[in-house]
Amino acid sequence: METIIRIGAVCVLGAVMALYLARYLPESGMLIALTVCAVAGAALLTPLGEILTFVQTMAAWSGMEESVFHPLLKTVGIAVLSRLGAELCRDAGQNALAALAELGGAVGALLVSLPLLQAVWELLEGLV
Amino acid sequence: MKGLCGAVCAVLLVISAVVTAWGEEGVPAELFEALTPEAEAQMEQITSDAAPQNILLNGLSYIRQYLLENVFSAFRGQLAAAVMILAVVILCGISAQLCPGEQSAGTVTLAGALAITLLAVGGVRSMLGTGRETIDALDVFSKALLPTLAAATASSGGLISAGVQQVATVMFADFLMTLIRQVLMPVVCVYIAVAVAEALLPQHPIKRLRGGIGKAVTWALTVMLVLFTGYLTVSGSVAASSDALTLRLTRTAIGTAVPVVGGIISEATESVLAGAGLLKNSIGVFGMLGVLLICLTPFMHLAVQYLTFKLTAFFASLAGSEPLVELIDALGTAFALVLGMAGSCAVLLLISVSSTVSAVRL
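Chains as they are written, first to last, in this note's numbering: chain A, 1 to 128; chain B, 1 to 362.
Among the hints, a few may not be true.
Cβ pair distances, simulated, as ranges [said to hold, decoys possible]:
#, chain 1, residue 1, chain 2, residue 2, range
1, B, S354, A, L111, 57 to 65 Å
2, A, M58, B, G211, 31 to 39 Å
3, A, H70, B, N70, 34 to 42 Å
4, A, Q118, B, M300, 28 to 36 Å
5, A, V10, B, T218, 53 to 61 Å
6, A, R6, B, E69, 17 to 25 Å
7, A, E65, B, M300, 23 to 31 Å
8, B, E69, A, T53, 36 to 44 Å
9, B, V183, A, L111, 35 to 43 Å
Rather than coming from a laboratory, the hints here were simulated on the basis of the structure. Just so you know, these numbers come straight off a predicted model, no measurement behind them. Note that the Cβ used here is the ideal one computed from N, Cα and C, for glycine as well.
Put together the whole structure using the sequences plus the hints.
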């Protein structure tokens with residue numbers, strides 16, 4: 001609970017600072033956003049780690065194989081990171097870079113899902 | 001003349017006694033051997049416990065008891081697969097909340113659909129294997145049952161009925177089972193492939209293809225059963241009337257043509273035919289029970305898997321994205337299609353046997 005309050009407070013503070021400093025140094029807004037994202041991301045690592053451990057425990061209990069579980073987790077992580085990068089680019093007014101960041105995320109997710117796709121293809125080939 | 005009359009009466013009495021005794025003892029051993037090992041053990045348990053006239057009731061009671069004892073353990077066996085699939089759906093739902101963009105949601109849904117397909121592969125393979133084995137077992141049993149039933153029907157006075165009904169059943173059963181093995185089973189595999197493709201490409205209008213495939217399989221099975229039932233109804237009534245007329249004419253001819261003992265012989269044939277009718281009914285009841293027992297365990301497992309996937313789709317719809325929910329629902333429908341195929345083979349045999357048993361000799 002404290003972590004979430006801290007992250008929320010840091011983000012709000014960063015937004016206010018960026019808004020204030022943007023009048024004098026327009027580029028400072030982007031730098032402040034990047035810094036706050038890095039700090040908040042670092043603060044989120046511990047809770048995310050606990051959630052990940054719990055999810056892994058549940059997956060192990062249900063008998064889900066790692067070859068199914070890990071690509072899925074990686075895809076979720078790639079989606080989060082690419083979304084974050086794209087939004088930062090949009091905040092800086094760079095829509096083209098934002099689109100490229102999202103494309104990169106999609107390509108990364110596809111690459112990570114390739115083993116799953118191959119396994120499904122072999123399964124369907126065997127059935128038909 | 002007296003010697004001839006005595007010999008004829010003795011022969012008729014012996015035939016009557018043998019047929020009646022055979023009917024009382026039960027069915028030929030070949031029919032037991034044509035059952036699957038599990039069904040054979042269950043049939044022996046049913047027939048050993050009950051009097052001959054109570055075998056059908058005893059059998060239905062056994063089936064009810066078996067279902068009550070085993071259906072919950074079958075559900076527990078499917079629980080792990082359902083939990084895994086729900087876990088994937090929930091994970092994808094959480095990530096959709098974290099990254100509400102369309103592109104992010106698309107990639108996560110893609111990975112989720114692939115994961116769900118891989119998690120369901122064990123169930124899909126066992127579903128297809130179970131369906132094929134059940135149809136093969138029904139095929140083997142029908143090849144033993146139908147000729148035996150035809151012989152019993154003919155010996156009970158239904159010569160034309162035996163020829164018409166049993167030939168029709170053999171023809172329809174053979175065609176239906178070949179159609180299922182060669183065409184409909186591969187079509188179900190295509191159905192599953194299309195369902196996976198639909199989940200990977202949610203905006204693509206491939207959904208109609210999947211719906212069309214499902215309807216085509218259902219229609220094919222329904223048309224076969226309707227045609228068979230219609231043919232049996234029409235041909236059965238005509239054949240029964242012909243048999244009754246033939247019997248009446250034969251009795252009249254015997255009574256008129258054979259001097260002195262013609263009337264006695266004509267009356268004696270009544271008891272012979274009654275004994276043969278008893279045998280026909282015993283074989284018919286055995287046949288119906290045999291079909292039900294062959295289908296009992298496979299149908300229970302297929303129905304449980306079908307219900308599990310449908311329930312999983314229902315719970316997934318509360319938390320997950322539509323493509324994943326529809327994929328899970330489609331996998332459940334695939335189980336229903338295989339269940340329907342095996343069920344139609346069983347129903348075809350049951351209709352044929354029950355129409356033979358319930359035919360009343362005029």
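Structure-inconsistent hints, enumerated in ascending order: 6
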